[in-house]
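Trainee: So you can see what is in the structure, the chains are spelled out below.
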Amino acid sequence: MVQHIYQLVRKEVQLEWRQKTALGTIFIYVLGTTFLVYLIFQGNITIPTWIALFWIIALFTTVNAASKSFIKDANEQFYYLRSMASPVEIILSKIIYNALLITVLALVIYGVMVLFFNENIADKKLFLLTIVLGSIGFSNLFTLLSAITARTQNFALLAILGFPIILPLLLLIVKMSGLSDFAIQEKDIYLHLGAIALLDVITLLLAVVLFPFIWQD
Amino acid sequence: MKKYWWKLLSILLLLYTLVMGFLGPIPGLNILEQSIRNLYFHVPMWFSMMFLMLMSMIYSIRYLHRQKVEDDVKAHSYAIVGFVFGLLGIITGSIWARVTWGAWWVFQEVKLNGAAAALLVYAAYFILRGSFEDEEKRARYGAVYSIFAFVMYMVLINVIPRITNSSLHPGNGGNPGFNSYDLDSDLRMVFYPAVIGWVLLSVWMTTLLVRIKQVFRKKHQLDLE
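Order-wise, the sequence lines are chains G and R. Position one of the first sequence corresponds to residue 1 (the numbering used here), numbered consecutively onward. Position one of the second sequence corresponds to residue 1 (the numbering used here), numbered consecutively onward.
The shape of chain R in the complex, shown without the other chains (with noise of 0.2 Å):
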């Protein structure tokens, strides 16, 4: 129990997510009408492809550190759920798009393309490491490449979008922010548990994907033997 509470916590509040995220009351806003219960999907899928992409530099930076496998292995895991956060962010960003912008892609959104980079990025990475045979080369590269990465993207999308100022996202380009509309607390009621709900669960999710990986590496030195 003293292990795996957030686990627990995970389930509770994702399942409280889905039943309040679907019949829960919403202020009902001209354009964005029900479309505005993606927030609690769409926006905590960036606060986790974030939270997974910060996880994954700062075992890169460990690895350069302390040069051990396991750093690497979470790195890598923490990058590749990672980057299915933010496939699942782009999707959902891109229906929610469609309906209140009226186009599946939008250029005047920094965000938008800033994302699409990141993913780019991150592809480059899994590229990157699959091109060297030798694994510690490719560890010790990966993890130069990734910390460089994290940095540029941090620039790509808190920097650049205050200076060009051209985003739809709320909040910016002199757009309203979601509190504005929020008079009622209702959605923040169930916003903030989702965000910690999906964080949690995308944490969860690697570890599982590191012990599979260990798994494999256990067995591969076994057949070695």
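If we strip away everything but chain G, and leave its shape as in the complex, we get (with noise of 0.2 Å):
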């Protein structure tokens, strides 16, 4: 099973690396959508403010990055793939490719805004581990979501799905990220630690257990 997994995620790692524009896409995205907050904010925010706006960029590139994961999978190598490998295999693997994705894209987003807006969180080990831990939720929640809207063609289904049911991952986060900056007790912090490591497992359990049902005809 885990040589499976490990085969499925080379797969998705070969397979964005030959269609370069993809990934360009996703990349581009990421630092025109910076670039503009930038612009619109004439570069002078307040820590909470950065927080906020970091993590609204992170969930838009998020739906963005996640929105493809099942276009192809879903309707071409359907069939293929089912042969292939068994669906709890299937949405690991898919899981942690994106995981990987966003905790990369996530990073570039914060190199960026680093540089445009010269503020940073005072804990930095904190908060690398506040973005690893999110985009891990992220990732759980998105691709199980975008597993369900790959067959419609609605392609605002993924947003409207996700955000409202984000919202308590996406609290715990914001304000997690505002404990790395300042934090009065340090109990606080690891409450807000584990709440989100635990959301992490919550919604991994969730989507293994849900999704052998969307992998049918």
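Think of the hints as simulated: they come from the structure by calculation, not from any bench. Remember, it's a predicted structure, so these values are computed and weren't measured experimentally. A hint or two may mislead.
As the list claims (entries may be wrong) - Straight-line alpha carbon distances no greater than 20 Å define the calculated EDC-like cross-link-like pairs of lysine to aspartate or glutamate that follow: (1) G:Lys68 x G:Glu16; (2) G:Lys68 x G:Glu119; (3) R:Lys137 x G:Asp73; (4) G:Lys72 x G:Glu16; (5) R:Lys137 x G:Glu76; (6) R:Lys218 x R:Glu135.
Starting from two chains that each stand alone, build the complex the way the hints lay out.
Mentor: As structure tokens, then:
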């Protein structure tokens, strides 16, 4: 099973690498959006605004990146993939790949925002940990939802389905980002990190349990 | 009589709620004053909504398990009526918030925002169902989404407010709960029957909706033949 998942993740990376336009699109999207936000805010923002903008850009980028996860697999390669791997292997490989992609994209956003705004979070290690945990949660949720929306022609559907459901995770992440800049009590940090990790586990379990029902004809 | 006793009970309890709710004794607290009577209407809306959404999720799980159309019709109907009760809950809550907290919408209120998010979730559920022509696919994908959504919704309204600790509702964020005001238990005498009455009414409404849908399905099938 681990071997299969590794092969599938490798397949994703290779396919993505071969079609550099798709990857380029999403990176330019990130750069463009961040630059736009920089100009709109005239380069001057406080840390809470910085955090809010960071996660808004990250969320929209995630929706964009995740929306194409299953377009090919659910339509052209569906029967081939289904005969090659079990649904659990497929969803896990997709989640791993998307989590990696989202983490990289979030790091790019982070870099660009630090470059433009000259503002930074006080505790960078803690913020990076938040980014990684947040990206995993984003990936769990949006990978499953993109499997649901892949067979519809409604492109706004992923955002509609995802935004209200991501809310608990997003609220915790934003609070945690604030804490990594300034925390009065250390116990708050552990509480929030623990809650985010717990949500990651819950969403992962839900995705793995529910995906086999989607991965049918 | 055996079958519809609970419908009669619902009518009796709601009649009792209406009469005692508007005429019964109240503690007469500052700020709250007469608006405390909203307790019998606003809070049961949420109890009903939560109960109906739970039923909707149970039928969704059952649908994925047995793949029977009736389960999907029930899951969908419970969600629709739950949505209506959610809207009523928001409206009654908003009026109450204007009187006691001074604004129609209050940001520091996690439960209010959670409620709005829940309505968005179920609105998205209806749109998702509308995006599929095929009945079986619509049911399956809808069931998957509603299970996922219900779990996250429970996290949002039950776990997040406790962690972030920012709610103006009684019993949250250091506010005293209603039970501490309610020493003479006058409120309780009306509140508990009200909750049961409203929940029963909401279930009754759902069963009617299910029956209407079944009639339409049958008619559709006869038309095809």
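Trainee: Now look at each hint and say whether the structure bears it out.
Mentor: Now for the hints, and whether the structure bears them out:
1. At most 20 Å may separate the alpha-carbon atoms for a hinted pair to count; G:Lys68 and G:Glu16 meet this at roughly 11 Å.
2. Simply put, G:Lys68 and G:Glu119 have alpha-carbon atoms about 33 Å apart, too far for the 20 Å limit, and the pair is violated.
3. For the given pair, R:Lys137 sits about 17 Å from G:Asp73 by alpha-carbon distance, which is consistent with the 20 Å threshold.
4. Only pairs whose Cα atoms come within 20 Å are accepted, and G:Lys72 paired with G:Glu16 is accepted, the gap being roughly 12 Å.
5. Taking the CA atoms of R:Lys137 and G:Glu76, the gap is near 18 Å; set against the 20 Å cutoff, the hint holds.
6. Between R:Lys218 and R:Glu135 the CA atoms are separated by roughly 15 Å; this keeps the pair inside 20 Å, and the hint holds.
Consistency with the previously given hints fails for number 2 only.
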